[in-house]
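Trainee: Throw the hints in and build the complete structure from the sequences for me.
Residue numbers (the numbering used here), protein chains in the order written: chain H, 3 to 303; chain B, 3 to 303; chain E, 7 to 233; chain W, 7 to 233.
Source of the hints: derived by calculation from the structure; they are not laboratory data. Bear in mind the structure is a predicted one, so any value in this text is a computation, not a measurement. For each residue, glycine too, the CB sits at the ideal point set by N, CA and C. The reader is advised that the hints may include incorrect statements.
[Stated by the list, open to error] Partial list, derived from the structure: chain B residues whose beta carbon lies under 7 Å from chain H: (1) Ala-28; (2) Cys-31; (3) Val-32; (4) Leu-164; (5) Gln-166; (6) Val-170; (7) Val-185; (8) Val-188; (9) Ile-189; (10) Ser-192; (11) Thr-193; (12) Lys-195; (13) Thr-196; (14) Ser-200; (15) Gln-255.
[As the list claims (entries may be wrong)] Computed cross-link-like contacts, DSSO-like style, restricted to lysine-lysine with a CA-CA straight-line distance of at most 27 Å: (16) E:Lys-76 to B:Lys-4; (17) H:Lys-298 to H:Lys-13; (18) H:Lys-105 to B:Lys-105; (19) W:Lys-138 to E:Lys-52; (20) B:Lys-298 to E:Lys-79.
[Claimed, not checked] Just the calculated beta-carbon pair ranges, DEER-fashion: (21) B:Thr-271 to W:Ser-142: 56 to 62 Å; (22) W:Ser-188 to E:Ile-226: 35 to 41 Å; (23) B:Ser-52 to H:Leu-101: 43 to 49 Å; (24) W:Thr-230 to E:Asp-33: 41 to 47 Å; (25) E:Arg-78 to B:Arg-21: 27 to 33 Å.
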Amino acid sequence: MKFSSVHYLVKKGIDNVVRNKMMAFASFCVLLVSLLLVGVSVLAYLNVNSIIGGVEQKNEIAIYLQDGIPNEMIEHFGDNLRGLPNVADVVFYSKEEALDDFKARMADSDMLFDSLNGENPLPDAYRVRVADIQHISETVSTIAKFEGVDSIDAPYDFVNSLLQIRKVLMAVMGTLILAMVIVSIVIISSTTKTSVYSRREEIQIMKYVGATDAFIRFPFFVEGMVTGFFAGCIAFLVTWGVYTAVTNALQNQTLVLNIIGTGSIIQFTDIILPIAISYMAVGALIGALGCAISTKRYINV
Amino acid sequence: MKFSSVHYLVKKGIDNVVRNKMMAFASFCVLLVSLLLVGVSVLAYLNVNSIIGGVEQKNEIAIYLQDGIPNEMIEHFGDNLRGLPNVADVVFYSKEEALDDFKARMADSDMLFDSLNGENPLPDAYRVRVADIQHISETVSTIAKFEGVDSIDAPYDFVNSLLQIRKVLMAVMGTLILAMVIVSIVIISSTTKTSVYSRREEIQIMKYVGATDAFIRFPFFVEGMVTGFFAGCIAFLVTWGVYTAVTNALQNQTLVLNIIGTGSIIQFTDIILPIAISYMAVGALIGALGCAISTKRYINV
Amino acid sequence: MVELKDVSVKYSTGVDALNHINLRINDGDFAFVVGSSGAGKSTMIKLLLKEIDATEGTVCVNGYHLNKLKRRKIPELRRTIGIVFQDFRLIPTMTVYENIAFVLRVIDAPTKYIKKRVAYVIGLVGLQDKAKHFPSELSGGEMQRVAIARALVNDPKLIIADEPTGNIDPELSFEIVELLKSINACGTTILMVTHEHELVRHFGGRIINIDNGEIVFDDIMEGTDEI
Amino acid sequence: MVELKDVSVKYSTGVDALNHINLRINDGDFAFVVGSSGAGKSTMIKLLLKEIDATEGTVCVNGYHLNKLKRRKIPELRRTIGIVFQDFRLIPTMTVYENIAFVLRVIDAPTKYIKKRVAYVIGLVGLQDKAKHFPSELSGGEMQRVAIARALVNDPKLIIADEPTGNIDPELSFEIVELLKSINACGTTILMVTHEHELVRHFGGRIINIDNGEIVFDDIMEGTDEI
Ligand SMILES: Nc1ncnc2c1ncn2[C@@H]1O[C@H](COP(=O)(O)OP(=O)(O)OP(=O)(O)O)[C@@H](O)[C@H]1O
Ligand SMILES: Nc1ncnc2c1ncn2[C@@H]1O[C@H](COP(=O)(O)OP(=O)(O)OP(=O)(O)O)[C@@H](O)[C@H]1O
Ligand SMILES: [Mg+2]
Ligand SMILES: [Mg+2]
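Mentor: Following this line, the structure appears as structure tokens:
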């Protein structure tokens, strides 16, 4: 095909958007809605993932040391802990700190401590945070073999709950995305089919006067692409606005933020570029394919 | 209009569904998707609401009694508590039980209790569950005026978190429903507009041969109603299947169930009738209105 | 009765389709409208049906003043007119039978009467075999005959036929015009646009010649009765 | 060259539109096809264009054996034929100019040539003023002339015109047929379906009469040259 033909077909596709305003607008709306449904679901998925990651960071293994081991051994112990692969953070928690904290927590029951006569029955301890809670039990059993360990308190309940919650939430969010993709396919194909149906006459006449399939479909392709691209742009702007509004609203919900951790919510500005590109590219692609595929049916004359 | 005409128009509407299979199917799909989006959002809303309600039931106010008050006064105190309007549940928690529980919890620090010499420093207490946590502070201040109260431990943090979480979740779910309603309106109006557009010729010819607006629109109305009704039926079946599958899947997630409470998830069989009726009625109505409204545009000739 | 007084039509594209037309067709008349392609014949017909509005002047059809006619009265007007459109305008989703019956449906005619009457007019135009076919399954001439049957079916006061024999062979065309003549004899006013000078010459009667949006000839000529 | 050998067409509705037709039209011929409404004329034309397939027999057009023609070769065949459809088939979303130019676009003609050529054929059918109008803004005769212009524009080997003068006044009809005759004189084969016996009588030449799906007459008659 010559350049003049390509130029003509592209121009024709763009003209069609203007000439079939009503149709183009309907396709635009449906593409916009689809992009938003899928886009927002994906963003929600990413955030839930990040939030669970944030909560997971709060895991803590307490390693109680045997009473009376020498200071250099305690330090050596700490170095060994820091050298382990799955360990993210190591904090030493002396028996004195432990007693102070205990007293503070039990302030109501002061009388209990009076009888201690200054003795401290609590052990020295290390507090360790693991990087990946999925492998927490392996890390614990490695530590258990260290010399000087009295006992280890690992948050297995917390970890199990969290792993299960993550599984459920990820399943829910994954299903949501899948559902939204299916919804999008259904509504986009319904609309493009209907839209192309109302132009079947035009398609068939072109075929009758000697146009090839590609020649007929190309402008439809361009038309869908232009519509889809604009839908992508608007979807991006809407997402931006909604996302920012939601995160701002969440800033005020301190209690909720306490639970999920402030840093866990992804800032829109951090992902603005991939989002913009995905929206426009996916919009243009889906729009183009939807139109081009739907024309197929009426072109066989 | 005579009966024969009404009969003719209804029959024509139903015939149209069959004759415009492609269009009817597109409308059907879009209506189905819309009903599912809104329906599932509403069900999710109801469940989240019920789950939060379940969690709220777990609130507990501890009322510590003054040391050494007589037994009959303690009992009288309990009766008074039970008489309060916002109190759902009252349990007496004696100082002996309290000490046992405390010892059990502190099993690791046995040595602390050795020095108590059989003395029990803990007070008798009542544990109260309020019906509506929104009014917990009023209930607490009423109780505070009772004779024999030493101190009251109310779960204000828990209540505040819960109230805030409820607010956030309800806002999120409400927005979701609203968004889905908007999405539905957009996609339904896009599809019906496109669908009716492709039949504008037919509509206009009818007008040219002397048909009134109502005569032309009635079959479209019936057509939309039939399509919408079927979409409602299928939406109902899909919801049923999905809902049952999800609740069954949740039964296995014991840890999640522990948090949200088993009874909090609404059983589908409890709401089967209103759901079926809503789906079919809303489907039929929206389908009918969508078609009838869209014809208006082309009827002005 | 049809009356156009000083009527002009200018399309939104700027085309002056009719220029200060004056025309009066009395009840019971039979008139041929002739004129070259693009002269404004169909435009005049669209006016009578209130498909378009006159830019200037007043239009009066069967006692309705179209300039002041309310939107919801339009169907009433159209039911008094039987029209054969130049482009047929058959409803593609209805069979031949349904297309014709539809005109009776809209006036709430009894089902029994509809059956009898529609079968009768389908017979008049010779389409008995095609009653259950859809327009897309018909030949050009057959579609045109369906359009004619539809215009006759509800015994309108005025029949307007825009080029009703353009796709029909001469023999059948003569039959169609004879049919219209016989209907006219029973009192129906008939206005027929045609390009077939043979027909006009043969049947004669009132002849209105439109050229370039103006009536250039309007008089009665004897039919030659030759073929 | 067009060759039909023992061709029958039966539509899915059960209508036998053509029965064992044999026909051969040589390159450079000019033939009128006449016949009553529903005789099968348009069906024959649809066959030549491979819009429908023959139920029986073989069809050969411009060297293409249509029975064996691959789907993707169909556009190639159609580019060698210029067709005036009975129902015009103009693309509603394109202006007159674009409708005609489209035929040249599909064969990758240079833009300059398209401009010149389209303007020329629009002039031939007298629609200079309407080039920028959409089909819905044209009169019946104007649409028909656009269809004729579109059939001529790419200098096809074969022009098939189905009732090309049905909506055009007699004077213009004569001009159109004379135009076709002059194109024929340059070597283009022309097949023209018409109901206007006057035209056939005037121009004469080969006349094919189809009745009830069969060719009942196929011979050459002298033109009378009378009007
Ligand atoms: N909808 C329209 N918009 C703009 N111009 C129009 C429209 N319809 C017709 N015209 C123009 O108005 C003029 C008269 O058209 P009209 O259809 O009345 O002609 P006509 O006498 O019926 O011709 P024909 O015999 O070819 O059918 C023509 O020049 C035509 O191009
Ligand atoms: N798509 C179709 N499906 C079924 N039957 C059809 C179809 N097209 C035409 N027919 C029938 O086939 C027969 C021949 O039709 P055709 O269109 O070839 O007639 P024609 O000679 O062109 O007539 P006219 O002069 O009226 O245009 C007619 O009886 C018609 O009803
Ligand atoms: Mg006209
Ligand atoms: Mg034909």
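Trainee: Check each numbered hint against the structure and report the violated ones by number, ascending.
Mentor: 4
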